[in-house]
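Work out the full structure: start from the sequences and follow the hints.
Listed in order, the protein sequences are those of chains A and B. Residue numbers are given in UniProt numbering: position 488 of the first sequence equals residue 488, and the series is strictly consecutive. Residue numbers are given in UniProt numbering: position 110 of the second sequence equals residue 110, and the series is strictly consecutive.
Source of the hints: derived by calculation from the structure; they are not laboratory data.
Here chain B is said to cover these stretches of chain A; the calculated rule only asks that three of the stretch's residues, wherever they fall, bring their Cβ under 8 Å from a Cβ of chain B:
#, stretch
1, 8-15
2, 21-29
3, 253-262
4, 446-459
5, 615-621
Computed footprint of chain A on chain B, listed as stretches where at least three residues anywhere in the stretch have a Cβ under 8 Å from a Cβ of chain A:
#, stretch
6, 44-57
7, 69-79
Glycine included, every Cβ here is placed at the ideal spot set by N, Cα and C.
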Amino acid sequence: MTAIGTDLARRDGTVKVTGTATYAYEAPVERPAYAHPVQATIARGRIRDIEIEDAETLDGVLTVLTPDNAERLADTDDKELAVLQSDEVAFRGQLVGVVVAETSEVAREAAGLVRVTYDEAEHDAELATERGSYVPEQLNAGYPTESAQGDVDAAMASAETTIERTYTTAMYHNNPLEPHTTTALWDGDSLTLWDSTQGVHPLRSTIAPIFGLDEERVRVICPYVGGGFGSKGTAHANVTLATLAARAVPGRPVRLALTRQQMFSLAGYRTPTIQRMRLAADADGRLSAIAIDVVEQTSRIKEYAEQTGTPTRIMYAAENRSVTHRLVPLDVPVPSWMRAPGDCPGMFGPEVAMDELAERLGVDPIELRIRNEPSVDPDTGKPFSSRNLVACLLAGADRFDWADRDLRPGVRRSGDWLVGTGVAASTYPVHRMPASTAVIRREAGRYVVEIGAADLGTGTWTTLPQIAADALDVPVSDVEVRIGDTRYPMASVAGGSSGMTTWGSAVVEAARAFRDKFGQDPADGDEADGSVGPADEDHAMHAFGAQFVEAHVHADTGELRVPRLLGVFAAGRIINPRTARSQFIGGMTMGLSMALHEHSVLDPRTGHVVNHDLAEYHVSVNADVTDVEATWIDEHDPYVNAMGSKGIGEIGIVGTAAAVSNAVWHATGVRVRDLPITLDKVLAALP
Amino acid sequence: MDSEIGLRVDGTPRRLTVDTRTTLLDALRERLGVTSPKKGCDHGQCGACTVLVDGRRVLSCLTLAVARDGAEVVTAEGLAPDGELHPVQRAFIDRDAFQCGYCTPGQVVSAVGMLDELDRGWPSAATGTGEPELDDAEIAERMSGNLCRCAAYANIVPAVREAGR
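Shown next, in the form of structure tokens:
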């Protein structure tokens, strides 16, 4: 009996294709009121005065909250979440007020009537150099800021070949299609939040102390998430604001959806990065040194240190290694998680640099990577639990007709188009969160699994039943799973591609406990729970992949098209091939979007993201994508978890942009080291 | 200023009072509780709010409700009366043409509207000199007003192609 590995349609398919799945704004409540935020229009300074009379007296307005009259929160340590607690403005777009009204139209009109004057201070919102930077104590997810082995400078000085180049990635916004949204309802001292979140329990743990509540008094409900890609992994200021607004109108539920424009300053984003890469190699391309020095930004009110250098620690063998990070604190919105934090931007510079080294040596870029394949994790010296990067590269090369590839750039034409192909590696660590619990109960002849997990399109509604079915040794149709509510046992955030490893392990433990206790013929009402155990610490655990790109560049206009994308992944056992393929190709397409389109343009004069909507912040659309395919190799890893699976939600976006840049070089001979790859960057060098 | 209007929504006649500023999308979602069409941008840039109005696909966030008094509105929910899924909806499930599901009602309605436009011979930017045909380039072009951040495009195209046969 193996439900795992079976191609099953999504259980939430019908409610999603009919639009009857209920997202946070659609929570079934009586007489909702509507909130609309007021945002700061300066990048730094103090509020001198806020006039709210015109807004307050507008027909239909219930209340107007500002730092002058909002309640004092119980915990203001997190300055991003401590909204309306001070007259200080730390970035443009920060929350300075909220209007609650009978209708959304009135709330919005009244928000426009709130008049705020400021004492403006000088600001700095531009990441250009490491000027003013500092060394953070640690990086996101707890990674060390710096690591070093051997002597990179000496290796660079004595090597036959070196590459020393600087690469940059842009500021990116997650932009899930569902805006960050909350419906908040106070009943006395109890709070219910229908919130669009990647984790109901983590959100509760964040919000409860801010309002001085025991966690038992807060219920968070979120059966469906309209995308998140990390931005809904941690609470942002809009959740505090909605909760404050609801407390100001007792007995009334309040709905607050950020507008698309507001999301560009309030819902997190990926920091731009500056990556100085150094490679030293012998004539055969064997690396003697690999180093990356990263400069990136954080906000002044809350530190976020993207772990951009981490993949360089584990990708290739080299005796001399160095990874550093510097953070520049700026008067900018608070950066946060975006799909594959660290690995996504951090595999751009290194994977283009490897292509540059291959070019310099006249070596095939796949062969170069194979020559530098490490036998153990070069960072820790631990064995890999499984590492099949080479198998991915070779399988992809086979499917992409790589053997016939001419190494020379700029020599292939198809009509008016220059044609090239490129490759880059992908990687993403296997994360396991320390705590999650599932309960399994016999109900009306079926097995019901309850766990506060999330499905942000990742397939949890469908894949957790598959795991439970195998663990209980029953058909998957006998299993019902309930997720997305703090009434179910505690589950960790859907982040770091950790969901299946963590929740799945809890489900397997619960199934074992259930069978131990009740055997094969349980009675109605029998129940048992189980929790995730500690992670293996003896192995380095990562998923790997290889991405192949065909790029076309118009010889006259520089227009760029990517008609073909192929990803081959080694990510352990695949729970459901249908939903897995969607995650891989979704990540790869978002990587294509990063390569060619995405770029939040922050005006240093105002601290404002000027292209703050979906007409000007371009994401890939249907016509940008032609042939995108993902496949995987059969990988068995006994160390990662009971299922043998690795997370797959993020690896798809890792390496794509480098593969595109490498393919554009192969097509044109132009190296684009600064994302996005736009036609102006290749045009001048075209024939 | 408030106005009373009538709409026929997914086959049911409805009377409602709207602010003259109320969009058709907000009228459906916030006045009538019809939440199948979604709000992704409120500026006609993402397509999540797509509904059929008198048989044609429109962006309901760019449509004032008061200007559509008497209109026939069909949402993705209305495409599946009595739970019987429309062929486009079945194809979306078969092809896994969505992940988070938030853009999906708009994608489905847009696909239904687009197939009808193609049947009528309306050209698009992807159409050559002859009659437009149901091929992948036409589908991708005509579906490009519907953003999918989960990026299920490579599954949406075959789903629409199969449903359109």
